[in-house]
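For the sequence shown, position 11 (counting from the first letter as 1) is numbered 11 according to full-length UniProt numbering, and the numbering increases by one without interruption.
Simulated from the structure, these hints should not be mistaken for laboratory data. Among the clues, some could well be false.
[Claimed, not checked] List of simulated lysine-lysine pairs, DSS-like, C-alpha gap at most 27 Å: (1) K85 <-> K95; (2) K85 <-> K107; (3) K95 <-> K107.
[Unchecked claim] Label pairs and their computed distance ranges (CB to CB): (4) H70 <-> C47: 23 to 33 Å; (5) G96 <-> G23: 15 to 25 Å; (6) W93 <-> C41: 37 to 47 Å; (7) H74 <-> L24: 48 to 58 Å; (8) E112 <-> C49: 20 to 30 Å; (9) C49 <-> D25: 32 to 42 Å; (10) C39 <-> E112: 37 to 47 Å; (11) G96 <-> R18: 51 to 61 Å; (12) R18 <-> I111: 26 to 36 Å; (13) K107 <-> R27: 17 to 27 Å; (14) E112 <-> E55: 12 to 22 Å; (15) G110 <-> R66: 38 to 48 Å; (16) R82 <-> P44: 22 to 32 Å; (17) D25 <-> C47: 34 to 44 Å.
As the structure is a computational prediction, the values presented were derived from the model and not from experiment. Note that the Cβ used here is the ideal one computed from N, Cα and C, for glycine as well.
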Amino acid sequence: MVTLAFPDDGPHGGADWRATRSGLDRRRDAACRLAPFECGCSDPWRCRCGRGSGEPDGRVVDVAVRAFEHLESHGLPPMVAREDKPLLRGMWWQKGPRRGMAERVAKWCGIERG
Numbered sequence: 001m002v003t004l005a006f007p008d009d010g011p012h013g014g015a016d017w018r019a020t021r022s023g024l025d026r027r028r029d030a031a032c033r034l035a036p037f038e039c040g041c042s043d044p045w046r047c048r049c050g051r052g053s054g055e056p057d058g059r060v061v062d063v064a065v066r067a068f069e070h071l072e073s074h075g076l077p078p079m080v081a082r083e084d085k086p087l088l089r090g091m092w093w094q095k096g097p098r099r100g101m102a103e104r105v106a107k108w109c110g111i112e113r114g
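Turn these sequences into a full structure, and let the hints steer you where they fit.
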């Protein structure tokens, strides 16, 4: 039996689409009742404004490097958004092959140093 994050008292014990729908409706209603954050977002689950210091930790950089290596092994160019420049900076500071990968990705995506 599947257990959903938002159980419902329906005849199926909460394991149908209505349970998920009602849970998401409750979440949306709660987000509308909250005062907006300083960034203007009202739902902390979807807010990406306050990610912390802006510099990714080593674990995030390691995961990104593995993903980029996987894409390159299949002949696909790794792409990042300009907002992810701190991720490339974190890769660059680790030196070695990761620095070269950061430079290749930045060049491919048109992201300049700085």
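Checklist line | Violated hints - listed by number, lowest first | finding: 5, 6, 7, 9, 10, 12, 13, 15, 17
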